[in-house]
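Visitor: Input sequences plus hints: build the corresponding full structure.
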Amino acid sequence: MDKKFNEGAWAEPGTSVKNKTGSWRTFKPIVTDRCVGCGTCTKFCPEGAIKIVEKNGKKKAEINYDYCKGCLICLKECPFKAIEKEVEK
Amino acid sequence: MKKVIEGSHAVAEAVRLCAPKVIAAYPITPQTHIVERLSKMVADGQLDSEFLCVESEHSAMSACIGAQATGVRTYTATASQGLMLMHEMLHVASGMRLPIVINVANRSVSSPLSIWNDWLDAMAVRNSGWVQLFVESSQEALDTTIQAYKIAETIHLPVMVCIDGFYLSHTYEPVDIPDTVAGYLGDYKPKVVLDPKNPITQGMMAGPKAFQEFKEQQHRALLSAKDVIKNENREFNKKFGRIYGDGLVETYNMESADYAIISMGSVCGTIKHILDEKKISDIGLIRIKTYRPFPNKEIIDLTKNLKALGVLEKDISFGIGGALWADVKTFVDKPVSNFIGGLGGRDIQIEDIVKIFGTIRKEEENIHWVGSQLKK
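For the record, the sequence lines run as chains W and X. Quick note, the first sequence lines up with residues 1 to 89 if you use this note's numbering. Quick note, the second sequence lines up with residues 1001 to 1376 if you use this note's numbering.
The hints are simulated quantities; they were obtained by calculation from the structure and are not laboratory data. Hints are supplied without guarantee of correctness; some may be wrong.
As the list claims (entries may be wrong) - Taking beta-carbon pairs under 8 Å as the criterion, some of the chain W residues facing chain X (in silico):
1. 5
2. 7
3. 8
4. 9
5. 10
6. 12
7. 15
8. 39
As the list claims (entries may be wrong) - Some residues of chain X that are not near chain W, with every Cβ distance over 10 Å (derived):
9. 1110
10. 1217
11. 1245
What the hints assert, rightly or not - Think about it this way: if two alpha-carbon atoms lie no more than 27 Å apart in a straight line, the pair counts; the simulated DSSO-like pairs of lysine-lysine are:
12. W:55 with W:85
13. W:76 with W:59
14. X:1297 with X:1230
15. W:4 with W:28
16. X:1197 with W:20
17. X:1355 with X:1376
18. X:1209 with W:4
19. X:1375 with W:69
20. X:1362 with X:1334
21. W:18 with X:1209
22. X:1215 with W:20
23. W:18 with X:1215
24. X:1191 with W:4
25. X:1355 with X:1375
26. X:1304 with X:1355
27. W:18 with X:1197
28. X:1197 with W:4
29. W:89 with W:51
30. X:1191 with W:18
31. W:81 with W:51
32. X:1334 with X:1355
33. X:1215 with W:4
Beta carbons are placed, not taken as given, at the ideal position from N, Cα and C, and that holds for glycine.
Guide: Here it is in structure tokens:
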């Protein structure tokens, strides 16, 4: 039988890395300069798609758009209202 | 060893012999005595199993699914509303190709509330991808539950062994309990298991490009169960000296029959008794033991020289007729009358069956409600 169809639909690990869910997005969250890198959004992001990175000595949230589904929970939870949205083009 | 025991306890003895590592169950009449006895066996150290007292039947099947996925044999039992609550997870178990074994002590489904026997519960889940076996006696319940593990683990699909609530579950009969199933049922050897050292994903999502093929695989596997069931019926006979027809269907009094009555479960014992006592030669019995996969080829072969048939069943597929009747009609091109009776625990009596025989001889095709008290 075709190797692709493992009976019982089991798979090797890593399917959530392979399936880039960024294509599902309708709204795209954008991190603005108001971000202070507090990390609140990283804890709320259901996809684990946000990381805090250092840029020019300043901490800032960075969204991985390969996996961000555009749920905008980060925008809602940001204590500094530092995340804005735009319609995905 | 022969013992006079309840059908429920016969099933519990079968499960003890097959030694599932995890039993997850929630009590519901008329199934309760099965898992009650099993929990006693575990408490008394006769059975080395984890007995999980879960909070619902949905959880019972979920726990069996999780445990079975790690590579151990599992067991549960339920009935009626419990099977309805479990319905969602029945599809998950078959879709994940987990060879779980369940006993259903068949009981009606509310509303109106009834704790008594019919097949409305099992028939409501006939499309969930499980093998469904219906047995006639307590001995057959024990034997079939042992075979169920072998069948399930061969085809990687779950198996449901249906015993008529009360008529079998609560009735005392002499039952021969094997000393061991060693030499018949080996260790469970799964194809894939959940193991943190060698991670895989089970029960994952399948998109439109893949989903249909998984369902096609399931259907093929369920059809392949026919040969496996026939084979296990023979192998069991070699080892234990008991056999039930060809495993799919059992015939009785068919030698010179012009007509046949088709049915399942414990009511077939009553039918056999009447055929014998009244020395009837023109009517025979075809007892369907394996309901899913459906023994279509066997039904066609057995009925090809007959004039007409009747299907007696304790269920109704609302808006069409009896579920079994509709299945038989799919493959048989001759008059088939449908007799729906015994719902909610009403006894199907000798005079009912004698009347049914008379109607079958008329070679007509109607849906009859046995002993109906409603105006036509």
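Visitor: Checked against the structure, which of the hints given earlier come out wrong?
Guide: Hints 8, 10, 15, 19 contradicted; others consistent.
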